[in-house]
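Quick note on numbering: full-length UniProt numbering labels position 176 of the sequence shown as 176, and the sequence is numbered without any gaps.
Calculated directly from the structure, the hints in this document are not laboratory data. Treat the hints with care, as some may be off.
What the hints assert, rightly or not - Here are the simulated lysine-lysine pairs, BS3-like style, with alpha carbons at most 27 Å apart:
1) K177 with K142
2) K142 with K115
3) K142 with K186
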Amino acid sequence: MIPPRVPSDSRSSRSSGDAAAQNRWTHPGFLLSAGVIAVVVALAIYLAVANVRGDHPAPAQDPAAVVSPALGTTATPTSSPASSPTTAATTGARARTSICGLAAPTGGAADDLTKIDTQGVTWRYQNSTAYPVSSTYGPARKDRTGYPYCYQDSPGGALFTAAGFVAVSESGDAELKAWATYILAKGPYRSQILAQVVAPDDDPNDETSGRTEIVGYRIRSYTADEAWVDIAARVTLPDQTALGSMILHLIWQDGDWRVSADEPDPMNASRIGDLTGYTAWGVA
Numbered sequence: 001m002i003p004p005r006v007p008s009d010s011r012s013s014r015s016s017g018d019a020a021a022q023n024r025w026t027h028p029g030f031l032l033s034a035g036v037i038a039v040v041v042a043l044a045i046y047l048a049v050a051n052v053r054g055d056h057p058a059p060a061q062d063p064a065a066v067v068s069p070a071l072g073t074t075a076t077p078t079s080s081p082a083s084s085p086t087t088a089a090t091t092g093a094r095a096r097t098s099i100c101g102l103a104a105p106t107g108g109a110a111d112d113l114t115k116i117d118t119q120g121v122t123w124r125y126q127n128s129t130a131y132p133v134s135s136t137y138g139p140a141r142k143d144r145t146g147y148p149y150c151y152q153d154s155p156g157g158a159l160f161t162a163a164g165f166v167a168v169s170e171s172g173d174a175e176l177k178a179w180a181t182y183i184l185a186k187g188p189y190r191s192q193i194l195a196q197v198v199a200p201d202d203d204p205n206d207e208t209s210g211r212t213e214i215v216g217y218r219i220r221s222y223t224a225d226e227a228w229v230d231i232a233a234r235v236t237l238p239d240q241t242a243l244g245s246m247i248l249h250l251i252w253q254d255g256d257w258r259v260s261a262d263e264p265d266p267m268n269a270s271r272i273g274d275l276t277g278y279t280a281w282g283v284a
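Starting from the given sequences, assemble the full structure and let the hints guide the process.
Structure representation (structure tokens):
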């Protein structure tokens, strides 16, 4: 079972501004691209519409108890998120090296979620959003169009990939499309998702602008081949500030963490009331 998609709402709005935002939000093509690429705009509009309607934030749901089988296989899903909060479930010892040479940790600590060093990092900016850079976890490379890539095969590498996703999703058209081509894994919905990639500034229906700041995280589930990473972000709109959760489904493929294309919406964005349950994290 895949985490629920961000809901749209067809009820009448209470103002012309709300109506414009709601029309923007329910545009079919945007729903697809927002669910995977234009994260900031999608969440900003969702928060704006929800706040105008007076909706109460609901706690973000845990990722599914059933994990998708590895790409290229057909199996009845039986695995579930790790029962221990400190050590992830694994499918056996492995030491995989990323495409740029970042070696995965080995031994019993390879999948220990408590061993992620989130403090010894440098924060750099992609557009207006800061993202973390680590000599251990990555990103170790930057494409000529500007997006960062190449992360370690570890819980920390998955976390840093998700944080980079939040920052790069605000990029312009050329960089966004190049990055989407790289970051999207092989899967049944890959072509469909790529066809819908639209940079926020290039979407004629975009009537909302916002700024995003990473403020926390939690790794919902982690195995040797995939991860569900939850990034908490503060979204600042022209007239309000709110918190949102962005849960990404990542898989390890071709030497890097990539966004799963096994489902049309591998990211679940929702409004949250506070940072309860998250580890505080962000640029100082």
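**Prompt:** Does K177 pair with K142 here, judged by a C-alpha cut-off of 27 Å?
**Reply:** holds (15 Å)
**Asked** Are the Cα positions of K142 and K186 separated by 27 Å at most?
**Response** holds (21 Å)
**Prompt:** Does K115 lie within 27 Å of K142 when you go C-alpha to C-alpha?
**Reply:** It holds: about 26 Å lies between the C-alpha atoms, which stays within 27 Å.
Violation of the numbered hints given earlier is absent; every hint is satisfied by the structure.
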